[in-house]
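Note that the protein sequences, when read in sequence, are chains A and B.
Its first residue numbered 615, the first sequence is counted upward by one per residue in our numbering.
Its first residue numbered 353, the second sequence is counted upward by one per residue in our numbering.
Among the hints, erroneous ones may be present.
[Said to hold, decoys possible] In silico contact screen, one side only, chain B against chain A (beta carbon under 10 Å); selected entries:
(1) V392
(2) F413
(3) I475
(4) A508
(5) F608
Simulated from the structure, these hints should not be mistaken for laboratory data.
All residues carry an ideal CB built from backbone N, CA and C; glycine is no exception.
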Amino acid sequence: MRQLRGILAPYLLSLPSWVYLLIFFLIPLGSMLGMALAVGNPLTGYTMSDNFSIFGQALSSFGDSFIRSFWYGTASTIITLAMAYPVAYWIAFYGGRHKSTFLFLIMLPFFVSFVIRVLAWEFILSDNSFVLGPLKEMGILPEKFRILSTQWAVIGGLVYNSFAYYVLPLYVVLEKIDRRLVRAANDLYASPVTAFLKIILPLSAPGVFAGFLLVFVTNVGDFVNAALLGGPGTYMIGNIIQDAFFLNQNYPMAAALSSMLMLMLMLAILLYSKTFGTDTIQEYAA
Amino acid sequence: MSGAVSTPMPSAYKKSRLGERVLACFTWAMIIYTMLPIAVMVVFSFNFAPNGRVALNWLHFTFSNYTHAFAIQDLTTALVHSLEVAIGSGLISVILGTPLALALARHKFWGKTVTDIVIFADIAAPAVVVGASLLSLFLTLNLPRGLLTIFIAHVAFNLAFAVVVIRARVSGLDKSLDRAAADLGATPWVAFWTVIFPLILPGIIGAMLLCFMLSIDDLIITTFVAGQTLTFPLWVYGAVKVGTPPQVFVLSTFIFAGGVLLALVNAAVTHRRQSV
C-alpha cells in the first residue's frame with residue numbers, strides 16, 4: 615500500500631496542473647488550428663472544412679508583416695544583447711556588495727505597467743515633446759525631424775521593454791563563472807580581450823542563448839509597441855492578428871495567422887531545446 | 353614563483369582599470385535610461401492637466417491629479433478588476449503549481465520530460481498566440497468573455513512561472529527531511545504541512561508575487577479574452593487615442609510605489625531570516 619502510494623504520488627501531484635494546462639493551453643492551440651480551417655461567419659456559425667489554402671492566402675497577403683516582425687524581433691534582440699551584456703558583466707564582476715541593489719535598479723520597470731512604459735516613451739519621443747521640442751527650437755534638429763511612427767521608435771520600444779529580461783539571465787551565468795579562470799588566463803599572459811573571448815564569452819553562452827530566445831519570441835509577437843510608437847508602415851504580425859479578430863472579425867484568417875506564427879516560433883524553440891536542453895531556460899525565465 | 357607571474361602586467365592592468373571605468377559609466381547610463389520613462393510617469397502625474405488630458409510639456413506643479421485620483425469611475429473599476437484577477441490568479445496558480453513543483457523536483461516519473469517541455473512551452477509561447485488560441489477555444493465553446501475568461505487566461509500563463517519558482521525552492525531541500533519525519537511517525541500529509549510547507553513557503557510567496565506582477569501587467573493576452581470587461585492596462589490602451597487622463601499616471605505611480613515597497617519588505621524579511 616505504502617509502496618503503491620509512493621509510485622502514484624508524482625502522478626497525483628501533477629494531475630491538477632496537467633488537467634489545467636491541457637484544457638487551457640494545449641487544447642486551445644489545437645482549437646486554433648481548427649478555427650483556421652473553419653468557414654462561415656460570426657452570425658451563422660462555423661463549419662469545419664479542409665480549406666488549407668487559407669495558409670497560403672495568409673502568407674501571400676501578410677508575408678511582408680511576417681518579415682517585418684522577424685526583422686524587428688531580430689534587430690531589437692541583438693541591440694538589447696549589446697546593451698545588456700556589458701551591464702550584466704559589470705554588475706557580476708565589479709558590483710561588489712551592491713550587486714543586488716544594481717539588479718533591483720535595473721528591474722524597476724517591472725513595477726510599472728507595460729502599457730504605461732510604452733506610453734511614457736510615446737511622450738518622450740513625440741514630435742513636440744520636452745525632448746525634441748527644445749532641440750528643434752534651437753535649430754539642432756530640423757523642424758520635420760521625427761522618431762515616432764518610424765521603425766526605430768518601435769525597435770527602441772521593444773529594446774527598452776526587454777532590457778531587464780535580458781540582463782537577468784546574463785547576470786546569472788556571469789556570476790557563476792569561477793574568477794580563478796580569468797586569473798589563470800592572466801597568469802598565462804592572455805590579454806584581457808583574449809581572456810574575455812576564450813573564457814568568459816563561451817562560459818556565458820547558455821545565458822546569451824536563453825535570453826535571446828525569450829526576448830526574440832516575445833518581441834516578434836508584440837503588437838503594443840507598434841501600435842503606440844509606430845505608424846501605418848510599422849504593422850507587425852501581432853497587429854494584423856489583432857485586427858483580423860476584432861476589426862474585421864475574420865476569425866479563420868486570424869487563427870491561421872496565429873497558428874503560423876506559433877509554428878514558426880515553436881520551430882525556433884524546438885531547435886533551441888534540442889541544442890541546449892530545457893533546464894537552463896526554466897532557470898532563467900524566472 | 354606564483355608571486356612573480358600572477359602579478360598582472362602593468363599595461364594590461366591599466367587597460368582593465370580603464371575598461372572597468374567605461375563599463376561602470378555605461379552601466380549607470382543604462383540605469384538612467386531604465387528610469388527615464390518611470391521618471392516621466394511620476395513627474396507628469398504632478399503636472400497641471402488642461403481639459404483632463406496629460407500635457408506633453410511641463411505646465412505647472414499641482415496636487416489636484418492626486419486629490420482626483422479616483423475621479424474616473426471606469427478607470428477605478430478597471431483597476432479593481434485588475435487587482436481581483438491578479439490576486440485570484442496568483443493564489444490559484446500556486447495552489448495548482450505547488451504539487452507539480454514537488455513532483456518535478458523530488459520524483460522521477462513517466463512523462464516528466466513531456467511535463468518539462470509543456471512548462472517550458474507555456475513560458476516561451478508568444479503572448480499573441482496564447483491569447484488567440486484561448487479566444488479560439490472560448491469562441492468554439494461559446495463561452496461569453498468577461499472577468500472569468502480573463503481569470504482563466506491569467507492562471508494559464510501564471511501557472512508555469514509558479515511551478516518554476518517553487519520548484520527551485522523545493523530542489524534546495526534535503527530529501528532526508530521526509531525520511532526523518534516518516535521515522536518519527538508522520539504521515540506524508542502531516543510531514544508536508546509541518547516540515548516541507550514552512551520551508552518552501554518563501555518560494556510560494558515569491559511565486560505569488562511574480563504571478564501578481566505578471567497578471568496586473570498583462571495587456572496582450574487580456575485583449576483577446578476580455579470581451580467588454582476592462583482591466584487597468586486595457587483601459588489605458590483604449591484611452592491612448594483620445595488622450596491620456598492624468599489619473600492614469602497617478603494610479604500607476606501608486607502601483608509602482610506599492611510594488612517597490614512590497615519588494616523591499618520581502619527582501620528585508622528574507623535577509624533577516626537568512627541572517628538569523
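Handout entry: A508 of chain B as an interface hint toward chain A, with CB separation required under 10 Å
Key = It holds, given that the least Cβ distance between A508 of chain B and chain A is near 4 Å, below 10 Å.
Practice task
Using Cβ atoms only, decide whether F608 of chain B comes closer than 10 Å to chain A, and label the hint accordingly.
Solution key: With Cβ-Cβ at 5 Å, under 10 Å, it holds.
Problem - Hint validity - V392 of chain B Cβ closer than 10 Å to any chain A Cβ - result: holds, 5 Å
Exercise for the section: Tell me if F413 of chain B is really an interface residue toward chain A, meaning its C-beta lies closer than 10 Å to one of theirs. Expected result: violated, 15 Å
Problem - Restraint satisfaction for I475 of chain B [CB to CB of chain A, less than 10 Å] - result: holds, 5 Å
In this structure, the one hint that does not hold is number 2.
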